Structure formats: structure tokens, C-alpha cells
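J.: The primary structure of each chain is shown beneath.
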Amino acid sequence: MVNKEQVFKEIFQANSRKIYHLCYGYTGDNDLANDLMQETFLKVWQNLDKFRNQAMISTWIYRIAVNTCLSHLRVEKRQAKDELTDQIIETKAEDFSEKNEQVALLYQCIAKLEENERIIITMVLDELPYAEIAEISGISEGNLRVKIHRIKQKLTELYNKYERF
Amino acid sequence: MKDFDVIKNIWQEQQEPELSQEEILRRMKRSRNRLANRLLLEVLLMSLSIAILSYAWYMIPFRMWTTHLSLLIFMACCLFVLFAQLTAYRSIHHRDEMLSKPQEYILQLKKFQNERYQLNTQKYLVYTLLLGLGLLLFFVEIFFVSAIWLTIIGLGISVGWILICYFWLMKKYVRKEQGYLNEMIHHLERLSQQFNEE
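Note that the protein sequences, when read in sequence, are chains S and V.
1 is the number of the first residue of the first sequence in this note's numbering; add one for each residue after it.
1 is the number of the first residue of the second sequence in this note's numbering; add one for each residue after it.
No lab work stands behind these hints: they were computed from the structure.
Note that the structure is predicted; figures quoted are calculated from it, not measured.
Certain hints may be false.
Label-pair restraints from in silico Cβ distances [to be verified]: (1) E22/V with E163/S: 35 to 41 Å; (2) E189/V with G28/S: 19 to 25 Å; (3) Q153/S with R26/V: 42 to 48 Å; (4) K112/S with E13/V: 20 to 26 Å; (5) I148/V with Q46/S: 37 to 43 Å; (6) E189/V with Q46/S: 26 to 32 Å; (7) E22/V with G138/S: 32 to 38 Å; (8) K112/S with N120/V: 34 to 40 Å; (9) E163/S with L41/V: 54 to 60 Å; (10) E22/V with Y130/S: 30 to 36 Å; (11) N120/V with Y162/S: 42 to 48 Å; (12) Q12/V with Q13/S: 17 to 23 Å; (13) M170/V with G138/S: 34 to 40 Å.
Here are the simulated EDC-like pairs of lysine to aspartate or glutamate, each with C-alpha atoms no more than 20 Å apart in a straight line [said to hold, decoys possible]: (14) K172/V with E183/V; (15) K112/S with E141/S; (16) K161/S with D3/V; (17) K2/V with E98/S; (18) K101/V with E98/S; (19) K8/V with E163/S; (20) K99/S with D3/V; (21) K29/V with E5/S; (22) K8/V with E98/S; (23) K101/V with E163/S; (24) K18/S with E132/S.
Computed footprint of chain S on chain V; a stretch qualifies when at least three of its residues, placed anywhere within it, have a C-beta under 8 Å from a C-beta of chain S [said to hold, decoys possible]: (25) 2–13; (26) 99–110.
Cβ coordinates follow ideal geometry from the N, Cα and C atoms, glycine included.
The shape of chain S in the complex, shown without the other chains (with noise of 0.2 Å):
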């Protein structure tokens, strides 16, 4: 058990930032962010033995956090929300610098893109490798570079249009 915590706790530590980016991008909401990354986490221990020889574990963890995402369906706002006080993300105090003003609105651009397109474009932001993503994402490299090309047009057509406001 200690061992198990162990290598969960390493590969915790080595996935978290990129997942936590991957769930935020796509709700566009911290605490539905929140929730989708400590549930993906949690499939990840209860799956944990069936990793243990996978060379590519972070692959798996992509899959399970983009399966979870795509099975979200806004249904934890219809539930109570007493466990998100004490929030996983110990949030800092508000720093409205023009870099958080500009992350900020990168989210919001990334929220109107399709479901696919922000689990998509997190992925290329974060630097996985192209291969890597179009085997978490089930789609052909060939399509998936096609793909990629259009978002990152349509995301930095949406950044300029509402950074001029």
C-alpha cells in the first residue's frame, strides 16, 4: 500500500499541471477543473496495478482525463458543492497582472472552441508530442495535423478579436 502511494504520489507529481490545464480548458471553470482532475486521479489509483508496466503512463492518464472530461455533463453543479471548500488548488491571492489578464482570456477563448478542439489545443499548448496526442485522442496523425492547423488558426483568430476589446 505504501508503495502503491508511492508511485502514485511520483506520478501524480509528474502529470497534475498538464491534466489540471487539460480539465480547466476545457470547463473553463476552476472548481468543475477541480473535480474532473481529482476524479481522472482516481481512475488512474484504481487502475494503478494495470499501469504498472505501460511505458507510456502518461499517455493512459491523458485518456482517462479526456474520457472524463467527455463524459461531464455540467452535472456537478446540480450537486452539492460542500467539498469544494476546502479547495484541492490552494488559490493565491489575486494578482491581476497583465500575464494573468492574458491567461485569463486565453481560457475564455479556448471555452469557445468544440469539446474535441480545447482537449485538442491543451494538449499542443502543453508541448505533447504530436504522435502522443493522436494516440490519447483516437484520431490518424495525418487528420490530427489537418485538425491542429485549423485550430490554431480559429484560437488565435479569437485571441486577436477579444484582446482589441
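With chain S's structure known, arrange chain V on it following the hints.
T.: Frame of chain S, contents of chain V only:
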């Protein structure tokens, strides 16, 4: 006018959240224990019902075949509920499809949702009918060995409760779940289309 590389820089320079793995582990354990306890309680209650039925069947010398058949039906109903609970638990907690490709996962989710719907409608109807039949058969012997008013009150309360469950509580539950199901299927179909687009 910013190009994509500038946007990527903004993304990569974002303030990183401080994630607490201890909190995640603590919550996971709590939610796992809560689910396990709930399942355990349900299994215990059903097992207790089966034990009481078996005990009554063994200890009370019922004379009519209708009573024996009714007890058999009651036990079959309990076993069915027990099986349905365990199957639902298994499908929620041992879902290998979480590792499937998103398109396959979406199809599996649709299948799961349809199974839930069938369980709550068709299978629940069969369960209710069997339970009603079991009660009718059970009260045949009661009718012959006790006062008629006792039979009428007993049967009335039992059938009344079943009717309330079927026509009010369950309909309400199914309506709620169907609303969710429709939303889910609509969402999944849209996603499926997004992944299939060239």
C-alpha cells in the same frame, strides 16, 4: 496582432496552481469508502431479507403450494436486486473502457446509459409484476387461515405501497433520469460527430 507562438508563450508562462496530492488521496479514500459502505449496506439488507424469507419458509409449515411459490418469487426478486446492484457497482468501478479511445468510450457510455434506462423501466416493471404476483399468491393462504379483514388490510397496504412506488416514486425517478439521459445522448452524439469529422 499575435501569432500562435506568442499565444503558446502566454500559456506556458501561466501561474502554476499548487496541487495537493495529499488532499486528492484523502478525498479519493473518502469517496471510495462512502461508496463501498453504501454498497455493503445494500448487500447486507438484501441478504437479511433473503435470510428472513428462508427462515420463515423453513420454520412455518405453509400448507398451500401458492405460498411456496410466492416465497420463491420473493427470493428471486431479492436476488435480482442484489445482482443488479452488484453489476452496476462493477460497471462503475471496473471500467476498462476508461482506457479506450474517446470514440469507443462514447459508444460504451451510450450503451451503459441505455442499460440503466432498461433497468429502471422494463426490468423494474417485471420486478413489480413479480412482486405483485408473489403477494397475491402469498395472501391466498392468509385468506384461508385468518380473518378476511386481516387479508384485505394486509393485501391493501402491500399492493398500495407497490403502486405508489411504481406509479409515483419510480416514474419521478425515471423522468429525472431520462432527462439526464437525453442530455447525455445529445452531448455524446455531438462529440461523436466532432471526432468523426475529417
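J.: Does each hint fit the structure? Answer for all of them.
T.: Verification of the hints:
| no. | hint | result |
| --- | --- | --- |
| 1 | E22/V with E163/S: 35 to 41 Å | 39 Å, holds |
| 2 | E189/V with G28/S: 19 to 25 Å | 22 Å, holds |
| 3 | Q153/S with R26/V: 42 to 48 Å | 43 Å, holds |
| 4 | K112/S with E13/V: 20 to 26 Å | 22 Å, holds |
| 5 | I148/V with Q46/S: 37 to 43 Å | 57 Å, violated |
| 6 | E189/V with Q46/S: 26 to 32 Å | 28 Å, holds |
| 7 | E22/V with G138/S: 32 to 38 Å | 34 Å, holds |
| 8 | K112/S with N120/V: 34 to 40 Å | 37 Å, holds |
| 9 | E163/S with L41/V: 54 to 60 Å | 55 Å, holds |
| 10 | E22/V with Y130/S: 30 to 36 Å | 35 Å, holds |
| 11 | N120/V with Y162/S: 42 to 48 Å | 44 Å, holds |
| 12 | Q12/V with Q13/S: 17 to 23 Å | 19 Å, holds |
| 13 | M170/V with G138/S: 34 to 40 Å | 38 Å, holds |
| 14 | K172/V with E183/V | 17 Å, holds |
| 15 | K112/S with E141/S | 24 Å, violated |
| 16 | K161/S with D3/V | 12 Å, holds |
| 17 | K2/V with E98/S | 15 Å, holds |
| 18 | K101/V with E98/S | 39 Å, violated |
| 19 | K8/V with E163/S | 15 Å, holds |
| 20 | K99/S with D3/V | 16 Å, holds |
| 21 | K29/V with E5/S | 12 Å, holds |
| 22 | K8/V with E98/S | 16 Å, holds |
| 23 | K101/V with E163/S | 36 Å, violated |
| 24 | K18/S with E132/S | 14 Å, holds |
| 25 | 2–13 | holds (count 9) |
| 26 | 99–110 | holds (count 9) |
Of the numbered hints stated above, those contradicted by the structure are hints 5, 15, 18, 23, listed in ascending order.
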